[in-house]
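Colleague: Sequence:
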Amino acid sequence: NYKMAKDALIGPLGLTAVNRIEGEREPERAALTYDTLLRDRLGDPPELDLVWLGMGPDGHTASLFPGTSALDETERLVVANPVDSPLTKGKTTRITLTLRALSGARHTRFLVAGADKAETLAAVLDGPPGQYPAQLVSSSDLVWFVDEAAASRLQRDQTS
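When we follow our numbering, the leftmost residue of the sequence shown carries the number 1041, and every step to the right adds one.
Among the hints, erroneous ones may be present.
As the list claims (entries may be wrong) - Lysine-lysine pairs mimicking DSS-like chemistry, simulated, CA-CA at most 30 Å apart:
id, residue 1, residue 2
1, 1131, 1046
2, 1043, 1129
3, 1129, 1046
4, 1131, 1043
Calculated directly from the structure, the hints in this document are not laboratory data.
With the sequences and hints as input, model every part of the structure.
Modeller: Here it is, written out as structure tokens:
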């Protein structure tokens, strides 16, 4: 994820003050290091201005996958999250901000694209709460940006 951001935005814009998760390190150590950085620089809980998220076809967001231990974390801001999902092509450990960190943002934006997410998006927005990780992110200013394919199963009054 960092390489893509670096190639598309950070490099071309000449940004130098970048605090990234060091994903090449051992996951638990990298998570603890970034957790400390967030607390030191942004407070506890952190005051994030803007959080941009996506959503996977299984309703995961960030690296908060259904049924994983990171969803239950209430103290830490960043964790190493063991995942075994077809989307990750087997067992892996992802480093992710927790719901505690994400839900403190002033503004939250979801960007969801693709027909493979249509059924899940409809369930996230129209279904019972708490079924998918994407439903668990809270914000006083949460906006969903979805393409036509992802929105194909939404009720009409939500598609404006």
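Colleague: Does each hint hold? Answer for all of them.
Modeller: Now for the hints, and whether the structure bears them out:
1. 1131 / 1046: 26 Å, holds
2. 1043 / 1129: 20 Å, holds
3. 1129 / 1046: 25 Å, holds
4. 1131 / 1043: 22 Å, holds
Checked against the numbered hints above, the structure violates none of them.
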